[in-house]
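So the sequence lines, in the order shown, correspond to chains G and D.
Letter by letter, the first sequence follows residues 3 to 416 in my numbering.
Letter by letter, the second sequence follows residues 32 to 438 in my numbering.
Worth flagging that the hints you see were computed from the coordinates, not collected in a lab.
All of these numbers come straight from a predicted model, not from anything done at the bench.
Ideal placement from N, C-alpha and C gives every residue a C-beta, glycine not left out.
Do not take every clue at face value.
Unchecked claim - Derived pair list, reagent style DSSO-like, types lysine-lysine, alpha-carbon separation capped at 30 Å: (1) D:Lys370 / G:Lys352; (2) D:Lys262 / G:Lys357; (3) D:Lys283 / D:Lys250; (4) D:Lys287 / G:Lys304; (5) G:Lys352 / D:Lys431; (6) D:Lys370 / G:Lys28; (7) G:Lys380 / D:Lys279.
Stated by the list, open to error - Which chain D residues stay away from chain G? Per the calculated CB distances, all over 12 Å, these: (8) Ala261; (9) Tyr306; (10) Asn315; (11) Ala320; (12) Arg339.
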Amino acid sequence: MPQICLYFQLHQPYRLDEFNVFDLGKKQAYFSRANKQNQAGNIQVFQKVAQKSYLPMLRLLNEVADEFDQFVFALSASGIFLEQAEKLEPEIIELIKRLLDKGSLELLSETYYHSLSFLKSEREFIDQIRFHSQKIEKIFNVKPAVFRNTELIHSNDLVELLLDSKLEFKGILTEAVDRYLDGQKRTQLFRTPEKNHQTVPLLLKHAQLSDDIAFRFSNPSWQWHPLTVDRYLDWVEIYPENEIVNLFMDFETFGEHQWEDTGIFDFFHHFVKQFLTKDWNKFVMPSQIFDEVATSSEEEKKTATKLEKLPVYDVPDYISWADIDRDLTAWVGNQLQADALRKLFDLEEKVLASKDQQIIEDWRKLQTSDHFYYMCTKWSADGDVHAYFSPYDSPLEAYRRYSIVLADLEERLL
Amino acid sequence: MSQLKPKVLMIGWEYPPHNSGGLGVACQGITQALAEQNAEIYFTLPYQLKQSLGHMKVINCYDKSWGNENSSLPPFGAYSQSVHQSNDKNLDSHQLRALPQSDIEQKVEEYAQLVEEKVADHENEFDLIHAHDWMSFPAATKLKKKTNKPFIAHVHSTEKDRIPNGYGSNYIEKTEKEGMEIADQIVAVSYYTKRLLIDYYQIDPAKIQVIHNGVFPTKYHKNKSDSFAAKRPIVTFMGRLTNQKGVKYFIKVGRKVLRKIPKALFIVAGSGHLYHELLLQTANQQLTAHVLFSGFVRGVQKDKLLDRSDVFIMPSLSEPFGLVALEAAQRQTPVILSKTSGVSEIMTSAVKVDFWDEDKMAVEVIKFLQDKGYSQQVVARQSQELSQATWSKSAQKLKKIYSQAFF
């Protein structure tokens, strides 16, 4: 019986409004959140997803936590998600607070704007992690201790960035990518390659079991459809008790990607209940696992600490949890994305020097990974997933509009 | 026929507001001016024109099977390039290439049939047939054969212009050539086009007369301060995003100019099959947020963009006329034209360049942007030339050709 570590991601971008060349320099808002023409505004999108997913699932999580003391899990919520929740659906915040009060929930650290800043600006990346921590502390009065980067993007260099910044994290969550696992079990705790005598423990997502719920659950052509709790637990329970099955997924899996009528909420409820009917089964939060390896006995320190004994997950290139490629190609795989990102960060110095809070905030909202995801032109099945999430007719439109908005931002700096 | 009051059956394909480009605009200019000069006009269209027109009678010649529920749009853009293969296996490759390949080609044949049917009731009400571009030539040919009335072929654009590398549709070129050979008179919109008709289509020069297009007079108040992107110079391209229009050169010019004038904006207005490629070209050359795509613009937006533009470039590889350059000049914007354009024959003060000469274009753009005096001089000279380019002049010349058609 393994331990199960659940982590759900809460995020909602500020999508760009219609913006044409004729709006340049007219002080037109980029993310006005009003319903315009054929595009649902940001407010409508947030409220719709809140009704379908955030609220019912958070209520269910509260019920489950009330029912089972042993039930614990982790959430990461981007800063811009929390902003929108506070303004539009404050009950979301209350439901999260209740889970924290019960001790059932750990909140993770990430960049405030769910951004791709790590690719271009170390300073901005670290700043945004700080902004996010401050936001979490302000609303929930807790300090996140475990880091997960945008879309679980990870690499050795990225860890180095974090270590250099003196931000102290107990550990990091990322994806298990076969080409770097090198045949090792994904259900064990790993650590990063040592750099300047420093190393950080890692928990790796179990893609197969996560995606069974997140993507395949309601797919009628999947051979295991409809998925039963018994069958799913059979798959989970083959792992021994000293191993950890990390089920990481979008929060919106529950109620949005998988609608209520697929039975996803009932499935989740029964899954927790049935898993916990056996005394030896347990849910764990990332911090609990990381804390276990943080302290070593005097004896161990003489040879190798618990942390040092962990296998190394060596990731020389960027990985992520997206698409079949599990790399950055969903966001910077084509020239449109790459040049849009280049231009955005070319403006960094001027934006910050302007000291204009509105300009700085708009610039940061433009860093959100989703804008680049919408510009993705990969055609396989991944393309369908991108299209499902995109507010635009085509990736070309996403780029066209983004480019005009950047021109406007630049105009404001003139 | 009375030369003072000609009765004309015009065979058209598009008419504003549902025009894909200059052809519809030219038909509007010509018919309005002719009507003012007492011509009676029947005008056929392959769709239902929603509004009624005071100056002529429209005959709608469309087939419900063409799919447009209300048939208020042309069945296809006048210059669409969708091609599908013929299934007829019994023809040799040469014959195959001359068959209708694309949907538009198929529609043109059906249109000819419909025009013949619909016009049958009005055969005594016109003296001659005036057909605009290849889409209307098969219809004109049928009618000429049936009624023995003179046929004037008006050439606004040829396949050789649209696909300058010569790999255009054989069927379209064949339709153009046959139409012009059967026609009694040919009107070319420029000497540039006349040359092409002689050299490429081997048409008898004696049959071809040149009538330049005009431009509608416009009330013009330039008020840049109220406009968009007020802090930056704007250079504009407007046209279909095809190889013919040389839009790739426009982006290359942008790259060169931006090295000198980093805050300039280059706006590409139009749609077309090169769109995707042009976005990639823009990103590849690191021009994001400097080369911007407005999409197709018409009406107020079109005027607004031309008003705001500091320079207008038309780098067409082959442009029979190029009405949009006149429109830009009308909105007091200095114009840079490729030498291979008909409009350059009447816009002698515009800057003329080879379409491929991105260096020269860049130099000229920078000169316009940096030297306001120079820019104003060119604009003033352009305005003078514009006053000569009226549709009423074009109509007078046309009437002369109408009367000659009977000798």
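Hints and how they fare:
1. D:Lys370 / G:Lys352: Distance ~42 Å between Lys370 (chain D) and Lys352 (chain G) Cα, so the pair is violated.
2. D:Lys262 / G:Lys357: Satisfied, since the Cα-Cα distance of roughly 20 Å is no more than 30 Å.
3. D:Lys283 / D:Lys250: violated, 34 Å
4. D:Lys287 / G:Lys304: Violated - the C-alpha atoms of Lys304 (chain G) and Lys287 (chain D) are around 65 Å apart, more than 30 Å.
5. G:Lys352 / D:Lys431: violated, 64 Å
6. D:Lys370 / G:Lys28: violated, 37 Å
7. G:Lys380 / D:Lys279: Cα-Cα ~25 Å, so holds.
8. Ala261: With a cut-off of 12 Å, Ala261 (chain D) comes too close to chain G, as the shortest Cβ separation is near 5 Å.
9. Tyr306: violated, 7 Å
10. Asn315: violated, 5 Å
11. Ala320: At roughly 4 Å from the nearest Cβ of chain G, Ala320 (chain D) sits no farther out than 12 Å, so the non-interface label is violated.
12. Arg339: Arg339 (chain D) not clear of chain G: closest Cβ-Cβ about 9 Å, inside 12 Å.
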